[in-house]
Each structure stands twice: as C-alpha cells, then as structure tokens.
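Full structure from sequences and hints, please.
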Amino acid sequence: EAGVAQSPRYKIIEKRQSVAFWCNPISGHATLYWYQQILGQGPKLLIQFQNNGVVDDSQLPKDRFSAERLKGVDSTLKIQPAKLEDSAVYLCASSLDPRALTGELFFGEGSRLTVL
Amino acid sequence: KNEVEQSPQNLTAQEGEFITINCSYSVGISALHWLQQHPGGGIVSLFMLSSGKKKHGRLIATINIQEKHSSLHITASHPRDSAVYICAVREIAGNQFYFGTGTSLTVIP
Numbered sequence: 217e218a219g220v221a222q223s224p225r226y227k228i229i230e231k232r233q234s235v236a237f238w239c240n241p242i243s244g245h246a247t248l249y250w251y252q253q254i255l256g257q258g259p260k261l262l263i264q265f266q267n268n269g270v271v272d273d274s275q276l277p278k279d280r281f282s283a284e285r286l287k288g289v290d291s292t293l294k295i296q297p298a299k300l301e302d303s304a305v306y307l308c309a310s311s312l313d314p315r316a317l318t319g320e321l322f323f324g325e326g327s328r329l330t331v332l
Numbered sequence: 007k008n009e010v011e012q013s014p015q016n017l018t019a020q021e022g023e024f025i026t027i028n029c030s031y032s033v034g035i036s037a038l039h040w041l042q043q044h045p046g047g048g049i050v051s052l053f054m055l056s057s058g059k060k061k062h063g064r065l066i067a068t069i070n071i072q073e074k075h076s077s078l079h080i081t082a083s084h085p086r087d088s089a090v091y092i093c094a095v096r097e098i099a100g101n102q103f104y105f106g107t108g109t110s111l112t113v114i115p
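If you read the sequences in order, they're chains L and U. For the first sequence, our numbering gives the first residue as 217, with consecutive numbering after it. For the second sequence, our numbering gives the first residue as 7, with consecutive numbering after it.
Take every hint as true, because none was put in to throw you off.
Away from chain U, derived, C-beta distances all over 12 angstroms, residues of chain L:
hint: 1; residue: ILE228
hint: 2; residue: ILE229
hint: 3; residue: GLU230
hint: 4; residue: TRP238
hint: 5; residue: ARG280
hint: 6; residue: PRO297
hint: 7; residue: SER303
Label pairs and their computed distance ranges (CB to CB):
hint: 8; chain 1: U; residue 1: LYS59; chain 2: L; residue 2: LEU332; range: 39 to 49 angstroms
hint: 9; chain 1: U; residue 1: GLU11; chain 2: L; residue 2: VAL289; range: 33 to 43 angstroms
hint: 10; chain 1: L; residue 1: ALA221; chain 2: U; residue 2: PRO85; range: 26 to 36 angstroms
Keep in mind the hints are simulated off the structure, nothing from the lab. Just so you know, even glycine gets a beta-carbon here, dropped at the ideal spot from N, CA and C.
Right, here's the structure in full:
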C-alpha cells in the first residue's frame, strides 16, 4: 500500500516569495491534515479536511496561507508571501473517516521549507 | 496551554539500557499514538492505544486512562533507536489530534 506522498521534499525561497506544497494521501482516506513543525517543537495543525470540506482551519494564518482539496483526494498548501518565521517542516497526514474514532494517522515525509 | 506534556525533553542512554518516556494529557481521548521521527525524516506511527498495553519487538507502550498517562518503554536500547519520540492524542470532542513537543533520544554505542 502506497503511503502519503508529499512534494517537494525541500524548498528554499527568499522572504516575500511564494511556495506551494502538494500532498497525496493514502487511497480511501477521507481525512487530510496539514501540520507545521518548527524545529524543536511538536506538529501544529494548520488545516483539517474531511473529503473536500474544511473541518478546522482555526490556526491557519489566512492572510498568507491557503489550502485546498478540490476533488477530495490530493491537496495543496500555499504560502504567499512567505516570512522568515515560516521556515519549518510542513507535514501532511491522512486517516480514515474520523467517525472511526480510533483511526490511525499516517504521515508523509514532510516538506522542509527554508525562508531566507 | 499544552494538552499533551512529555518528559523528559532530552534523553541520552548507553546502548543496552532500558528507556522510559512519559506522556500526560488533559483532554478526553479516543486514542493515544506514539510516533517516531528520525532526523530529516517523516513521522512513523509506532503504536495506537486506547487501553492497556501493546508490545512490538523491543518497544512496549502502556496507557492508564483514569490517570491520563502513557509510557513508552524501549528494552535493550540500540543506537538505531535514536530519534524523536512524539506522543499524540486524538480528542473525543473535536476529533482533533494534539501533539507533545517530543522527546529526543540519543543512544550511545
């Protein structure tokens, strides 16, 4: 079974530039999460999708971050314009329908962003 | 506020030592996960627990729902166990995951 795919693995940009990350979850997983992990900290939820609908985006900095999951499968996370403090690993994770409350969480390899 | 607290933050052990990492949480949960993250790598799920104890090879995870506490044990530790171990809980109310800040383990040969 293929895991959660993310790209790119690494990205270096200058501040005020834009960047986009892509995630393809495990086939059949209705729930998709984007997390931001700053060095030395645990993952912080940015946005949670259930199929193509947003369940929780309360911690997404909406002035510069956007995310979509148009067909309920793969997703993109965009940052525009980037700030220095956006340097982090962006993790995508997926799980089965959360109504299956004990569903396991599967992570991608992450996309490491460095903003100069 | 931190819904999930882990201890210790950093841990160095000699190869062969028995290791314990602790996790306490403050919300009602449907499941607790222990995750492993290697430097530069993605996160791998080690265990998902809702009660009792699970064992996989040299790894053992326990949970006490009444005390809202879980432990991850590594027996006969090895340098390849060096990684960050993260405790995460799935909240019943909102189905959201909360993560601890991780325990960085270094096992010295």
